[in-house]
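Asks: Sequence:
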Amino acid sequence: MDSCVFEGKLLSRVLPPLLLLECVLGILGNGLALWIFCVHVKPWKSSTVLLFNLALADFLLNVALPFRASYYISGMDWIFGEEFCRICLFMLAMNRSGSIVFLMAIAVDRYLRVVHPHHPLNSLSVSRTVGVACALWTLTISLTAHVLSVPHQSEARNATRCESFTISSTWHNLEFLLLFSVSLGIIVFCTVRTVLELRQRNLDKPQKIKRVLWCLTVVVVMFVVCFLPSNVTCLMMWVQALRGITDCRNDRTLVQAFHISISLTYLNSMLDPIIYYFSSPTFKRVYKRMLRSSLRKKEEQMYEWIRAGCQRGSDLQLRDLHP
Numbered sequence: 002m003d004s005c006v007f008e009g010k011l012l013s014r015v016l017p018p019l020l021l022l023e024c025v026l027g028i029l030g031n032g033l034a035l036w037i038f039c040v041h042v043k044p045w046k047s048s049t050v051l052l053f054n055l056a057l058a059d060f061l062l063n064v065a066l067p068f069r070a071s072y073y074i075s076g077m078d079w080i081f082g083e084e085f086c087r088i089c090l091f092m093l094a095m096n097r098s099g100s101i102v103f104l105m106a107i108a109v110d111r112y113l114r115v116v117h118p119h120h121p122l123n124s125l126s127v128s129r130t131v132g133v134a135c136a137l138w139t140l141t142i143s144l145t146a147h148v149l150s151v152p153h154q155s156e157a158r159n160a161t162r163c164e165s166f167t168i169s170s171t172w173h174n175l176e177f178l179l180l181f182s183v184s185l186g187i188i189v190f191c192t193v194r195t196v197l198e199l200r201q202r203n204l205d206k207p208q209k210i211k212r213v214l215w216c217l218t219v220v221v222v223m224f225v226v227c228f229l230p231s232n233v234t235c236l237m238m239w240v241q242a243l244r245g246i247t248d249c250r251n252d253r254t255l256v257q258a259f260h261i262s263i264s265l266t267y268l269n270s271m272l273d274p275i276i277y278y279f280s281s282p283t284f285k286r287v288y289k290r291m292l293r294s295s296l297r298k299k300e301e302q303m304y305e306w307i308r309a310g311c312q313r314g315s316d317l318q319l320r321d322l323h324p
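Following the working numbering from start to finish, the sequence shown increments by one per residue and tops out at 324.
If you are wondering where the hints come from, they were derived from the structure by calculation, not from laboratory data. Hints are not guaranteed to be accurate.
Unchecked claim - Pairs of lysine-lysine, PhoX-like flavour, derived with a Cα cap of 20 angstroms:
#, residue 1, residue 2
1, Lys285, Lys211
2, Lys46, Lys285
3, Lys285, Lys43
4, Lys43, Lys289
All values reported here derive from a predicted model rather than from experimental measurement.
Make a model of the complete structure from these sequences and hints.
Replies: Below is the structure:
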């Protein structure tokens with residue numbers, strides 16, 4: 002696969018708009034979420050700590066996306082140097098893994114609260130949950146620190162590539178596949194058990210239960226849609242390389258599919274604020290308040306424009322009557 006000549010013309014047209022859209026909406030959505038967590042959500046609960054760290058991971062990932070968009074705009078030619086190539090790829094890998102880990106932690110938290118309400122973990126204080134979050138960040142960094150330790154630049158047809166996913170980066174590919182597979186299994190298990198448990202109970206708060214079910218459903222759907230395609234194409238590329246069969250046409254198709262699918266993983270960071278909306282009534286209140294405030298301001302502006310237009314019309318009529 003490495004011996005085939007690959008041109009990224011299709012990727013240069015398709016990926017920059019997608020990456021910039023993910024960046025702008027992701028920074029706005031997760032920046033707003035971090036602001037709501039810090040200003041409006043009081044007091045914090047253990048679940049709040051997990052959601053905050055998910056928003057933080059997503060926000061940090063979004064910060065690195067403009068450099069990746071620039072890479073594709075320039076025809077997959079990295080212009081920022083080897084050191085910044087490592088930093089950028091590490092930021093993407095670390096925060097992508099962090100997002101997966103905290104999504105998994107949120108699913109486990111929901112599962113324990115519904116299926117095992119008397120489990121000791123349900124009574125964790127906020128300070129201890131912060132410790133758990135720090136441990137999860139330590140795990141995430143340890144899984145992705147190798148990206149900083151090896152060079153990722155390579156020369157290809159008068160262009161400088163900056164790629165962390167290559168056939169030779171066995172650990173990086175293995176970590177990517179295993180983290181997704183383990184997390185998917187845990188998330189699906191926790192979701193199915195939680196849904197079954199909730200449906201068996203006769204509860205007097207149907208709205209709250211409906212919100213929990215929606216949140217769990219959204220987590221699973223987002224996780225599968227955003228991460229499954231990239232893992233499938235990564236596995237296919239790996240199998241193709243291990244077979245030792247060179248088919249440049251097929252290899253180019255796989256490489257293009259992988260680059261597009263890996264960009265879809267960043268879509269998860271843009272969509273995660275939906276989880277906050279379903280998870281917290283505070284988010285719903287703040288979102289609705291901001292929407293009402295925005296609509297009110299637009300109505301006031303429209304009223305001022307109409308009034309100003311009517312006033313100008315009246316002034317013109319008076320000048321016509323009294324030349």
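Asks: Evaluate each hint against the coordinates.
Replies: Cross-check of the supplied hints:
no.	hint	in the structure
1	Lys285 with Lys211	holds, 15 angstroms
2	Lys46 with Lys285	holds, 17 angstroms
3	Lys285 with Lys43	holds, 15 angstroms
4	Lys43 with Lys289	holds, 18 angstroms
In this structure, none of the earlier numbered hints is contradicted; all agree with it.
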